Structures are given as C-alpha cells and as structure tokens.
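K.L.:
Protein chains in written order, with UniProt numbering: chain A, 1 to 200; chain B, 1 to 237.
Derived by calculation from the structure, the hints in this document are not laboratory data.
Given the structure is predicted, the values throughout are model-derived calculations rather than measurements.
Just so you know, even glycine gets a beta-carbon here, dropped at the ideal spot from N, CA and C.
Don't take every hint at face value.
[Said to hold, decoys possible] Simulated coverage check for chain B against chain A, where a stretch passes if three residues somewhere in it have a Cβ under 8 Å from a Cβ of chain A: (1) 5-18; (2) 31-42; (3) 70-77; (4) 167-177; (5) 211-220.
[Said to hold, decoys possible] Interface residues of chain A toward chain B, partial, derived using beta-carbon atoms under 10 Å: (6) K35; (7) L54; (8) E73; (9) L89; (10) H97; (11) A100; (12) V101; (13) R103; (14) S106; (15) R143; (16) A147; (17) L176; (18) D194.
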Amino acid sequence: MDPVPGEPAGAPQGAPAGLGTDLGPLLNRAARGDKAAFADLYDATASRVHGLALRVVRDPAQAEEVTQEVYLEVWRQASRYDAARGSALAWLMTITHRKAVDRVRSAEAATRRDLAYEQTNRTVEHDTTAEAAHAGLEARRVRAAMAQLTDVQREAIELAYFGGYSHTEVAALLDLPVGTAKTRIRDGLIRLRDTIGVGR
Amino acid sequence: MTDHDHALSGAYAVDALDADERARFEAHLTTCADCRAEVDSLREAAALLGADDVVAPPPSLRDDILAGIDRIRPLPPVTGTVTPLRRRHRLPLLMSAAAAVVLLLGVGLAWLRPWHDEQPARLTAAERILAAPDATRLEKSFPDGSRATVVLSRSEGKALIRTKAMALAPAGKAYELWLQTPAGVMEPAGLMPDQPDTTYVLKGDATDATGIGITVEPDGGSPQPTSAPIALFALDS
Numbered sequence: 001m002d003p004v005p006g007e008p009a010g011a012p013q014g015a016p017a018g019l020g021t022d023l024g025p026l027l028n029r030a031a032r033g034d035k036a037a038f039a040d041l042y043d044a045t046a047s048r049v050h051g052l053a054l055r056v057v058r059d060p061a062q063a064e065e066v067t068q069e070v071y072l073e074v075w076r077q078a079s080r081y082d083a084a085r086g087s088a089l090a091w092l093m094t095i096t097h098r099k100a101v102d103r104v105r106s107a108e109a110a111t112r113r114d115l116a117y118e119q120t121n122r123t124v125e126h127d128t129t130a131e132a133a134h135a136g137l138e139a140r141r142v143r144a145a146m147a148q149l150t151d152v153q154r155e156a157i158e159l160a161y162f163g164g165y166s167h168t169e170v171a172a173l174l175d176l177p178v179g180t181a182k183t184r185i186r187d188g189l190i191r192l193r194d195t196i197g198v199g200r
Numbered sequence: 001m002t003d004h005d006h007a008l009s010g011a012y013a014v015d016a017l018d019a020d021e022r023a024r025f026e027a028h029l030t031t032c033a034d035c036r037a038e039v040d041s042l043r044e045a046a047a048l049l050g051a052d053d054v055v056a057p058p059p060s061l062r063d064d065i066l067a068g069i070d071r072i073r074p075l076p077p078v079t080g081t082v083t084p085l086r087r088r089h090r091l092p093l094l095m096s097a098a099a100a101v102v103l104l105l106g107v108g109l110a111w112l113r114p115w116h117d118e119q120p121a122r123l124t125a126a127e128r129i130l131a132a133p134d135a136t137r138l139e140k141s142f143p144d145g146s147r148a149t150v151v152l153s154r155s156e157g158k159a160l161i162r163t164k165a166m167a168l169a170p171a172g173k174a175y176e177l178w179l180q181t182p183a184g185v186m187e188p189a190g191l192m193p194d195q196p197d198t199t200y201v202l203k204g205d206a207t208d209a210t211g212i213g214i215t216v217e218p219d220g221g222s223p224q225p226t227s228a229p230i231a232l233f234a235l236d237s
C-alpha cells in the first residue's frame, strides 16, 4: 500500500474516500436488506468503530466483540436512523460508544479497574488507508478545537468519553465538587461543537 | 423538569450517566424537545472525538459480521407520529384507574407489535415507575457482558426490567418473567420482547412481590416455570 502523505495539503474537506462517503444512503439501503450497501458502510467506517471500541475497552479481543455487536445492531436498527436528528456517523459512533462503555462498566463489576487514567498506555496500530488520511484531517480539526477548551473541560471530556467514567467518577478523579463534572462536560462539548461547527 | 436535568445532556451524550440517571434522563428526553436537540448536537461533536483512533479490525471480523447479519431481520421503520408525552404529575384516583386500564391495553398492544419500541403508553408506564419516589433498583450482570436491571415501585405496584446486550432467547424459546408472591408462588408476569436492549413493564401486581425471576420457556410462555431461573432478583419487602 502506498504511504499516505503526512500533510495532504489542499485536500478538500469531505474528501471522497472513507468517511467522506455519504453514509446516510448506505444506511437507508441497509435498512431495506441491501447487504452490499451494508458491506460498503462497514468498509467506510470499521476502522473508526473499532478504533473507538479499542480505545475505550483496551482489550483487543473484547474490542472485536464490541465492534461485532455494533454492526449487528446497526443492521437491525438501520431503519431507526433518522437523518433529521443527525449524521449517520454520529449515530454509528453513539451506538459504538454506548456499547463500549457498557462493556467496561459490566467488566468492572468483576474486576474494578485501576482508577489511574493512563493515556500513555495505548498502543494503536495506525492504519494507512485513505480513510485514515481523511480521519487525519478531521483529527487535526478536533485537536485544534480541543485546544480551545479549558484544561478541566478537556480532561473531563476525555475521562468520560475515552475512560468510560461516569460524571461522578470524573468529579472524584479531578477533585471537583460532585455535580460540577457534568457541567464541565456539557460546557466543553458545547464549545467543541461550536468550534468545529457541527450540529445545530 | 428542572435545570438540573437539562445539565445532564452533555454527560448523557458521552454516556457518563450511571444506569439510574440514564433511565431518568431518557424519560425526561421523551418530554423535552430542547434536551433532545441539544443531545443530538453534542453527539455530533462527541462522534469526532475518536477521529485519532483509527484501527482496522482483523479481516475475519468482516466475514463474521456479514455472515451474522444473515440471521438477523432488519427492524421495520417506526411508523406513525409519536406525540410527545405531556407530563402528568398527580392524577386523581379515578383517572389513575382509567389510566391503568389504558396502560394495560397499551402494554398489550406493544406486545402484539413488539417492534414498536417507543410506544407512548409503555413509556408512560415505565416513566411512572422510574419517577416514583420509592423506586428501587437491582442490577445483575451476566458472564457474557449482558445486564438486566429491575426497577420496582411498591407504591405504583409495578416493576419494570431493562436489559442491555441481552442474548436473544434460543429459537422457539422466550424469556418469561415471574413475580414471586409472599407464598413463594411464581406468577407469570409476561414475556420479554425479543431484543437485546429493551425496557419492559412487568404484568401483574408487584406490590407484595418478594422476587422477580427470568426463565427460558417455550415460545408463548408457560403458566408456571418449567426451568430453573437464569436470574432471580430478591426484593426487600
């Protein structure tokens, strides 16, 4: 595979490859039982779904299970996707995140996880497809937007989203008064949303 | 609802609510268009947080998934307009009785058409239980990562069950719910919808129930359990 240029300068936002693909129509066709459309949807998004699952649950075998659960659910629920409420990617990532978090929380009942948040711990095998290149562009926008947040907002969002911690746990981890973390998470997400320019 | 509830939208959008808060906030969402819109927009932002995490799954997973969907029927779309619920705080007693009949009808209808996930009548029943001041919650996790939560309100005389990632019942079988009476008898309390994630209000009066059980029964259910429960929730009296 050709190496992906580090800086695909001048590449249009919403590049045709990977996540630039319009996913909504694929979902609609999948809802009608179109397996080819579902396979296209999988190919366009699997690295993102699996990447998030892996980041949250960390264990590769469990992340694969989560990824599988996500796509079986997507196949079943495709007709419930409502374009008026948001993008297909957000719908997909919402399902992924929910399943990943549910997985770590249920695992926690057996083995309480170490409350230390070790971001250094992640070893991801970055993939070098056009999808990754597109995601790279997007990732830079997100990083830039994250840099606009206060430290507490950023940490609270990362602990909640990637760590899978509840807002009460986030408050404890960040030594915030109970009830404050949820406000930081909300304020941070609103700022992020407005900086990136998604949603309403 | 109060500002307090609106403030949960961000935590909800990133799944940072515990099971109880999540259930309550979801009940709130059915009545609050502002919160729904805010949650939707925050999820758009949250969906991009993982933009750095791009990891291709092994190719075998693709084959497994494409083989797996052959066994799953896509759900039909939700048809008809689901009108937002109006909050009813305290109904006069007579109205409550009438509402209870409607609720039972609603549950029955939802039952005949289990794909209608969001039957307003069922949400209302669930909402009443969740919002009851004496609502108590019991949770069980299963080795396969699935989870079931029972919420009981003795004042409402009702209980509901929520499942997460529950494996579907084997072909020809169904999960049947039971309310255990103080005499130790298992009364049938309905069949769980055949969905991994579901909320179901148990049939029957839970006012004096001492336990809630789940068994695997032949499709259509049994008048009494024919197998050992796969889960049993002991209820404090």
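K.L.:
Give a verdict on every hint.
P.N.:
Verification of the supplied hints:
no., hint, in the structure
1, 5-18, "holds (count 11)"
2, 31-42, "holds (count 5)"
3, 70-77, "holds (count 6)"
4, 167-177, "violated (count 0)"
5, 211-220, "violated (count 0)"
6, K35, "holds (7 Å)"
7, L54, "holds (5 Å)"
8, E73, "holds (7 Å)"
9, L89, "holds (6 Å)"
10, H97, "holds (6 Å)"
11, A100, "holds (8 Å)"
12, V101, "holds (4 Å)"
13, R103, "holds (6 Å)"
14, S106, "holds (5 Å)"
15, R143, "holds (7 Å)"
16, A147, "violated (13 Å)"
17, L176, "violated (13 Å)"
18, D194, "holds (9 Å)"
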